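Starting from the known structure of chain P, arrange chain S on it as the hints suggest.
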Amino acid sequence: MKVHEYQAKELLKKYGVPVPNGKIAASVDEATTIARELLKPTGTADSVVIKAQIHAGGRGKGGGIRLAKSVEEAMAAAQAVLGMQLVTPQTGPVGRKVKKVLVEEGTAIAKEHYLAITLDRARGRLAVISSAEGGMEIEEVAKRSHEKIVRTWIDPAVGLQSYQARGLGFGLGLPVTAVNAFVKCLRGLHKAYMEADCSLLEINPLVLTKGGSLIALDAKVTFDDSGLFRHPEIEAWRDLDEEDPVEMEAKEVGLNYVSLQGTIGCMVNGAGLAMATMDIIKLCGGEPANFLDVGGGATTEQVTSAFKIILRDPKVRAILINIFGGIMKCDVIADGIIAAAKELQMRVPVVVRLQGTNAEEGRRRLAGSGLPLIPVDGFAQAAQRVVDVAKGNG
Amino acid sequence: MAIWVDNDTRVVVQGITGSHGQFHARACKAYGTQVIAGVTPGKGGSDLDGIPIFDTVAGAVAKTGANASMVFVPAAFAADAILEAIDSKVSLIVCITEGIPVADMIRVRRAMENGSGTRVRLIGPNCPGIITPGECKIGIIPGQICARGSVGIVSRSGTLTYEAIDQLTRLGLGQTTCVGIGGDPVAGTDFIDCLKAFQADQETKAIVMIGEIGGTAEEEAAAYIKAYVTKPVVVYIAGVTAPPGKRMGHAGAIIAGGASGGMGTAKEKMSALRAAGARVTESPAEIGVTIKTIL
Chain P
1 MKVHEYQAKE LLKKYGVPVP NGKIAASVDE ATTIARELLK PTGTADSVVI
51 KAQIHAGGRG KGGGIRLAKS VEEAMAAAQA VLGMQLVTPQ TGPVGRKVKK
101 VLVEEGTAIA KEHYLAITLD RARGRLAVIS SAEGGMEIEE VAKRSHEKIV
151 RTWIDPAVGL QSYQARGLGF GLGLPVTAVN AFVKCLRGLH KAYMEADCSL
201 LEINPLVLTK GGSLIALDAK VTFDDSGLFR HPEIEAWRDL DEEDPVEMEA
251 KEVGLNYVSL QGTIGCMVNG AGLAMATMDI IKLCGGEPAN FLDVGGGATT
301 EQVTSAFKII LRDPKVRAIL INIFGGIMKC DVIADGIIAA AKELQMRVPV
351 VVRLQGTNAE EGRRRLAGSG LPLIPVDGFA QAAQRVVDVA KGNG
Chain S
395 MAIWVDNDTR VVVQGITGSH GQFHARACKA YGTQVIAGVT PGKGGSDLDG
445 IPIFDTVAGA VAKTGANASM VFVPAAFAAD AILEAIDSKV SLIVCITEGI
495 PVADMIRVRR AMENGSGTRV RLIGPNCPGI ITPGECKIGI IPGQICARGS
545 VGIVSRSGTL TYEAIDQLTR LGLGQTTCVG IGGDPVAGTD FIDCLKAFQA
595 DQETKAIVMI GEIGGTAEEE AAAYIKAYVT KPVVVYIAGV TAPPGKRMGH
645 AGAIIAGGAS GGMGTAKEKM SALRAAGARV TESPAEIGVT IKTIL
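Listed in order, the protein sequences are those of chains P and S. For what it's worth, the numbering used here labels the leading residue of the first sequence as 1, then goes sequentially. For what it's worth, the numbering used here labels the leading residue of the second sequence as 395, then goes sequentially.
These are calculated hints, taken from the structure and not from any lab test.
Label-pair restraints from in silico Cβ distances:
no., chain 1, residue 1, chain 2, residue 2, range
1, P, Arg347, S, Lys640, 23 to 29 Å
2, P, Glu139, S, Val683, 38 to 44 Å
3, S, Val683, P, Tyr163, 54 to 60 Å
4, P, Glu195, S, Ala617, 31 to 37 Å
5, P, Trp153, S, Ser665, 23 to 29 Å
6, P, Arg347, S, Arg542, 42 to 48 Å
7, P, Thr300, S, Ala424, 23 to 29 Å
8, P, Gly95, S, Lys590, 47 to 53 Å
9, S, Pro468, P, Thr299, 16 to 22 Å
10, S, Pro468, P, Asp155, 27 to 33 Å
Since this is a predicted model, take the numbers as computed values, not measurements. Ideal placement from N, C-alpha and C gives every residue a C-beta, glycine not left out.
In isolation and in its complexed conformation, chain P is listed as follows (with noise of 0.2 Å):
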């Protein structure tokens, strides 16, 4: 699960990480009042930051993070930046509507720094990736100096060691006066990490400010959906604005499912053989209009669910229903669909490939129904036949 930065700041501060003085606001008159506190006379900043609260990186390129030196300057800005659709490298060319900024002291920055820690798949460990580097995205500074990204990894039974932290802190060229900071920092961020179950923590930049002192600039938290269960607190940090309204009702009913750009609708039980539904719809000429997992049961209630969202895309054009019976057996299978369909009344034409357990008579009812339902034995002549029916060739 994504969160917003001004929520991973709120994490990051809670386990000793320094981050800007700052607070959220939701409306110009917010945003006024929050910087006029910021501000000298008030308070003692020379300037703020306003800055776009979207779940997407690139965000400055777009123009949501700005700049402001007097309270008529930050109200300018917030009005600028709230409300606007908001387009970076990252949101696609629709953008996203900014409905938040996070108002900001500015820093005086003296140098920028890269600091995360992510798990390492292969090794099943926690990594710590660090850059004299920040400020950009580490995949360009992996592209073009890779030796300037230094990682170290945790052992999960002694923990981080401040030797660790040391040498990070050391590598990256901070002065020795910073060390010890970057070291507690670290220290605060993979205790982050495990306590909130995080399955990204990063800081980017991490500033060493013209005072000396270190600050968390931006901050970006990705929590292992896994772990939620745990964290309430956590889960209730979710922006459904942020989040794809299919999805999340999919989600709801226990089914898997993500939107894509074509016609073909998909539903499939298993993750795997999803993916390998789309795939095989594309090498016969096709377009998936999205991934469907509806679980290894694929009951009548899910089928119908499932036939629901996928009907809702107006782009849809026909389904394909692709079914591996194993614990369930395809005839029952067949069953809820044959019931789901007559109580849905299908607009598209519906390709139903059965396979394993009693997929004979699986078929045979589907056959049967008076439904427009396209019964098809094998895998690639159920994708080509499909796809021949959304071009109207069925």
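Below, chain S alone, put in the same frame as chain P:
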């Protein structure tokens, strides 16, 4: 021969009184697996169709001599169950449970490195399990689609594995052992473990490897194949059409990029495996026929 499970495998089922645990304990027993014990803390002394139930894995092992465990314990408690199984010195643990927090699996994997003095293998989690047709099935793979033969299968997927097995069986090509290693980012057994075992197994003449987007396990397998595997390997990688940054069902199936390194796209994986000499089929419908042309 075959690998890891056979007629001598004696299985204890952790979480045997839950609905999935009950159902699949019965199904495995019906298939012919020696399901000789169950564990549900607090239900020791009772039984399921005559299978004795114990409070602890250690108690079950001591009384019955179980040497493998099948875990159906819910995600929140599954890591603890696996650790308990490791501690009671079974040699094989198959964990079917989906949705175990990654942080828990990192600890489990560390515990496996020590292995408390013994060599223990964990298959999964979030996997369909393992089957040696005609001898032993641990997990949820439908036994009736399998047939004994000379093809070894290793896969990150569940139903896609069934699809591959079914294609082979229909073509008259049986299997030595089929292993689902699971769709999680941190798992007990990887492709290389399976490739090594199939390469060493005399009964196995060819290998089917089914990968998917996310991580670099397929690339590592490619390097291993190039260096050590002389048997033919047929590969299918799912997710050519998957968009980046979206989790495709499995926790580990995501084209990521970013701080962790490799992107994990299907194309990268296929080209690495092709370069290693594996036969990569672009169509999931042609896994069986590709093996047929080789054997």
